[in-house]
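Protein sequence lines correspond, in order, to chains A and B. Here the first sequence is numbered in numbering that gives the first Met the number 0, starting from 0 and rising by one per residue. Here the second sequence is numbered in numbering that gives the first Met the number 0, starting from 0 and rising by one per residue.
Think of the hints as simulated: they come from the structure by calculation, not from any bench. All residues carry an ideal CB built from backbone N, CA and C; glycine is no exception. Be aware that one or more of the hints could be misleading.
Here are the computed distance ranges between Cβ atoms for each label pair [unchecked claim]: (1) A:Glu42 / B:Asp837: 41 to 47 Å; (2) A:Glu276 / B:Asn833: 52 to 58 Å; (3) A:Asn207 / B:Ala148: 27 to 33 Å; (4) A:Arg37 / B:Asn282: 48 to 54 Å; (5) A:Pro330 / B:Lys251: 47 to 53 Å; (6) B:Lys432 / A:Arg507: 34 to 40 Å; (7) A:Asn207 / B:Arg87: 34 to 40 Å; (8) A:Gly66 / B:Asn194: 50 to 56 Å.
Computed cross-link-like contacts, SDA-like style, restricted to lysine to any residue with a CA-CA straight-line distance of at most 20 Å [as the list claims (entries may be wrong)]: (9) A:Lys61 / B:Glu186; (10) B:Lys416 / A:Asn15; (11) B:Lys416 / A:Gly9; (12) B:Lys93 / A:Val475; (13) B:Lys66 / A:Asp512; (14) B:Lys416 / A:Arg507; (15) B:Lys432 / A:Asp38; (16) A:Lys504 / B:Ala138; (17) A:Lys67 / B:Gly182; (18) B:Lys93 / A:Ala181; (19) B:Lys66 / A:Ala524; (20) A:Lys504 / B:Glu186.
Cβ-to-Cβ under 10 Å is the rule here; a few derived chain A residues that face chain B [stated by the list, open to error]: (21) Lys47; (22) Lys128; (23) Ala130; (24) Tyr132; (25) Ser134; (26) Asn339; (27) Tyr367; (28) Thr369; (29) Ser477; (30) Phe482; (31) Ile486.
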Amino acid sequence: MAENLSALSGRQGLDNNLFEKMVAGARENGSPDNQLLRDLAEEFLMGKAITYGAASFYDFLKPDHQGKKVHVCNGSACMLAGTQDSIHEKLGTHFKEEEIGHMCCLGRCYENGAFQLNGQNYSGDDIEKVAEYISDRGENDSSYVIKSKLSTPVLTGEALTIEAYASLFRKVITAGADGALAEIKASNIRGRGGAGFPMGVKIESCKNTPAGQKYIVCNADEGDPGAFSDRYLLEEQPLSVLFGMLTAGYIAGASRGVLYIRGEYPESVRVVKKAIEALAAAGLQGEDILGSGFDFRFKIIEGAGAYVCGEETALLSSIEGQRPEVRIRPPYPTQEGLFNKPTIVNNVETLAAIPFIIRAGGKAYAAYGTGKSTGTKLVSLDSFFNHPGMVEVEMGIPFKELIYGIGGGFKSPVKALHVGGPLGGIVPVHKIADLTLDFESFQQQGFLLGHAGIVSVPEDYPMINYLEHLFDFTAVESCGKCFPCSIGSVRGREMMAAAAEDAVKIDRQLLDDLLETMEVGSLCALGGGLPLGVNNALQYFEDELKQYFK
Amino acid sequence: MDKSVNSVFVNGEEVQFEPGQTILNLLRKELGEEAIPTLCDAPNLKPFGSCRVCSVDVALAADGPMKVQASCHTPVTPGSYIYTHTDRINRLRKNIVELVLTDYPREKFTHDNPQQNELKKVALQTGIDISDVRYLPGANHLDRPKDEAHPYMRANLAACINCYRCIRACDEVQGEMVLTMVGRGFENTVTMGMNEGFKESDCVSCGACSQACPTGAITDIFAAEFANADQVTRTVCTYCGVGCNLNVATSKGEVVGINAPYDAEVNQGHTCLKGRYAFQFYNHPERLRNPLLKKNGKFEKVSWDEAYDFIVDKFQSIRAEHGPDAIGGISSSRCTNEENYLMQKFIRAVVGTNNIDGCARVCHSPTALGMQRAFGTGAATNSIIDLKYTNCIMVIGANPTAAHPVTGAKIKQAAMKGTPLIVIDPRRTPLAKLADYHLQLRPGTNVAMLNMLLYYIITAGLEDKEFIAQRTEGYDDFAQQIKSLDIDQMAEVTGVSKELARQAAIAYASAPNAMSFHGLGVTEHSQGTFTVMQIADLAMITGNIGRRGVGVNPLRGQNNVQGSADMGVQPHQGAGYLDITDPNAQALYEKHYGVPLPKQIGYKIPEMFDAAIAGKMKAIWIIGEDVVQTDPNTAKVKKALEMMDLVVVQELFMTETALMADVVLPGASFLEKSGTFTNGERRVQRVNKVIEPVGNARVDGQIIVDVMKRMGYDQPDYTAAGVLQEVSRIVPFFKGIKWEELGENGKQWPVAEDGKSTDMIHVQAFKRGKGNIQFFDWRETEEITRHANEFPYIITTNRDLEHYNCGAMTRRTGNVELNREDVLLINPRDARDNGIEDGDMVCVTSARGKVDIKAKITDQVNPGVMSTTFHFPEIMVNMITSDVHDSEAKCPEYKVVAVKIRKSKGEFARV
């Protein structure tokens, strides 16, 4: 279905972008008006149903969004930290109830109490100064601890200067596309977005697909509650991400790079924008970069509140101004991606590792970690940790060392860790000792490393409520395309809610059937990943949960 | 290829697969169409993967771990092991359907027939009933309101399962994008336009969504009765030259609904609102059901015998008194090949004159003539399927999304996906909007425009020298004249910039395969035949002939306009295009007809009117054509008919022409007879009788035979097979066509004796030998040179999607609710200059007369140019059209009418 719309959107090129125009059109009133949607449909030669339908999908474009002035984070970490009722209440003294909206995870999981006001995120104690922020959106001082136990950090070291990046890119040019690709393949780096697909294979596939125009897309739609590693990189190490895209573009023969940055991270957008300007000033964006004959230009697309856009095909549809519904594969994006052209979609953290790989060599990168999970990993620790914040560790370290060593253990009793976002596994604390931090260990133990964001479930938080929250998350964020996810998540939420609130006992057979249907039947991980955590909970918290079953 | 490379195990059996084949397609082939249940899959849509019911287990090794994969969008992995009904898969399918049934209306599920409701069929197939649902009642959409405002389309979204088939059909098949999902996740709701409902949306009522819907959520007013029909008959649409196959459902002898067969080669399950919905005319109360004889100025119902006696008596006395050339016939392109053959045979062999012509005269006669002169055959060189192979499409003077909707939709699909599109048209048509190059020329300057293209191709050195040398003649002279053109003057007269013309020319000439389509915007001009020959020049000098994805492809207007000419409905050529002045041809025809035949070329339609006014023609028999409403210069046509002693009109309705008849004979609609129609790609398809003729109406072919017999000619009664056999003995390119062997998708002529169909002609050589390349200089039409001073604006006529020609049929269907009147498209500047507001009545005057039309202000037309339709007799736009004709084929110049305008003094339309 997407083919015509992708092509029509692509006719205008990246610079006259349909989605961007819709988002811009929402700035004033919170949603684009119908006249604008009609005009855009006309301009892009589409039916007006198309723009109308697309706008209705997004939290920050749909008509409900009109009039919202402040947004309270309702991500898992803030919810479990129990900070948000009070945030909402305090905001209520300044705003009418209908002016208060929600955003799912502002990436302030290390201190919680997060909210967004005037395009600025706040957290921790900021709520106490909200009156000031309403009138003057001054700097807010949200700092968090960044730690690395590595002698040579891959991702968290001191940011390189633009000159250093220029000379690094000269190295890429000298190595040539094949040479640079060989280093990436030698590093054996796997995608950090969750699926763990080898990056070298992806770049090579795109490189080998003939086309006049190709694209590099940075998936900076870090939607998983509990994760703020991409935000860290975008805001603290933006040049590393841009350099990764530039290098991927050079290898694959792509002349455009798109950063799809979620709308919940306005600061990231601002920082990256400046970083692109700096690159341009240094001759690392534009035509004939460093005399190599290679042209490359960046483009930032700001998201509009839809978790599913973190799924790569939905993300591509979103950039095109279509409804971000998950596409079937094949065709894979490296064959037919953005505007039906070959496209590499990589996560922020994956791209940010490229400077290290080019600088130190693929082998040096592969020397970190385990055989199958090479390199390092950023881990996001939430506010239940004694040492919350951003941590870079070598793949394969004992999970225990991370939690109790680097993380310093918990401030208050925690019964489980939800690792890898809402679609990850729920690790009971007694299993921490059995795990090492790598893709394989988590998988073998029936969990998922994902991007390694860690959300702590406190001892006193009823697991049934957390399961309801997980089904609710999928129900709210499901694109609605595949039946198992769109209907199943709602039925699961109803089942959990009825059990928790109305003492309606759950039919275990029916729940098992539902979980199996979602797991094996869903089109993407949003429906397919949810059952993992639920099943972990059913297994490890059987005693707590058995009262809810028939 | 090595066998093992393409083999796979299906439930343990080793089978072969095609590279790239999806698992579902393989399983359907191996296990049968119904073996794997599906909900979101549809035959004419791309795999989508939403329902997941088609999932199967796949292992990469015999005992390896199995993975669930959706078979509809997963390509077969070589050597894999596919299991279609493991316990897990059976459970998955049933559990998915159970989820769907939690939000489906129980009564509808219980009541519906599983043959019509695919959800019910799949539920039963997977072993679940709605009463088996285990979930407690929860959120649902069972209270969604129904949408019943549109004349045809219906939505009952409580029964929608969000499979997206409707939305995909609207995008992938029709390309209209009227449907979308609104919302997200479980709240997704199929929505028309910007939540406007079908009626207020931009829906073109093609019905693709209704046909695609598996659950009865989107239907049409005919769906319920269609579901319970006694019988379904496959036939061919009566409207345009696309030739869509239709499945017509009947109950107790009444037509209850139409849909499009997915296996139709022409239309692949698609058709338009005329084909699908505009059939209710057939038993409209105004349908003519008895012969009528005008007595004392009033029509009286008479018996067939009385009508025949009257006609035969008159024909015989007129012939005796004035000779056979005082009689003429106009045959109908709405009728079958067999009927057209009989009509020309009647006029030639029974009356004894060549005064036989047909509506092609007023539409594509320049195409037939021009292509004959250039190539030797007056028909499309290629087929519509070539759109799949072409790299560049040029559409000249045609608006196929309205006039040939299924072909229009296919062109639109190709253009949206990026096939370069050049549109040459004075109007900004829907295709022009999508085009890479829209050459929006002033009406009447086609020859200048095409000369510009030819000039830029030759001066850029993009001509195909090898093709020109081997396959054509006349190039050197031609090139000389092209090169000496005053290109600035051409740009000036066309109003199209040189740069745009150059770019378009280069796009066409440098595409590996470029194909052109043209319509009446080419032919209905004083230089129509020349323009057709220039289009042939373009194809020949670029070597775009004789391959897939190339050629010259006229979009024939009426359903059987190709066929009527093939059958000899022309005053200068007999059946099979043999020259009636050629003694060999005469001998052949005389041998078959068994009588001596007239040797002189007869009158073309406009010449018939002139002859009548001059007192030379006294009688005319017109079948299925409303010359009064549709031929130009209405006053003159009326005068001609008034002058004649006998006017016989054979019709379905009391048209403007029938009103002037002495005898009106009730003919049969396409639903009421058998025969063949030949579409615009030379495809001879079977028209199968669906119902008996209404009232006392008779099959047109039989009426002709009845008169032939009464005039002493021994002609067997009308049967499609019988007449077709007679035709196949005479028409060389019909030699191998036999009624029994045409099958469901027909055959494309020439059909050799062995029955082989031909989808492409002129492959090795042109029919005439070498292709004839010829130069033509542009000349301003007399309409402009004579009248432009007094009448400074130009009106060009066109067609709307909802109506067909004079509208006699479509105005008597629900289509009229969608489009009630002819309007005048006028540019905002011209409107402002003349103080005209949107919706005002405008008095439009030409040298012939004046009409009042409602203005519609639009940028579809440039300043100075206006456009309107002639579907409605209330307006009679042809009161103002001119009687300038194509210099060669005598096709009227409907496309250039010099007019002046003013805001109408009368406040009302002339109703």
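If you test the structure against every hint from before, which numbers come out violated?
Numbers 1, 3, 4, 6, 8, 12, 14, 18, 20, 22, 23, 24, 25, 27 and 28, in rising order.
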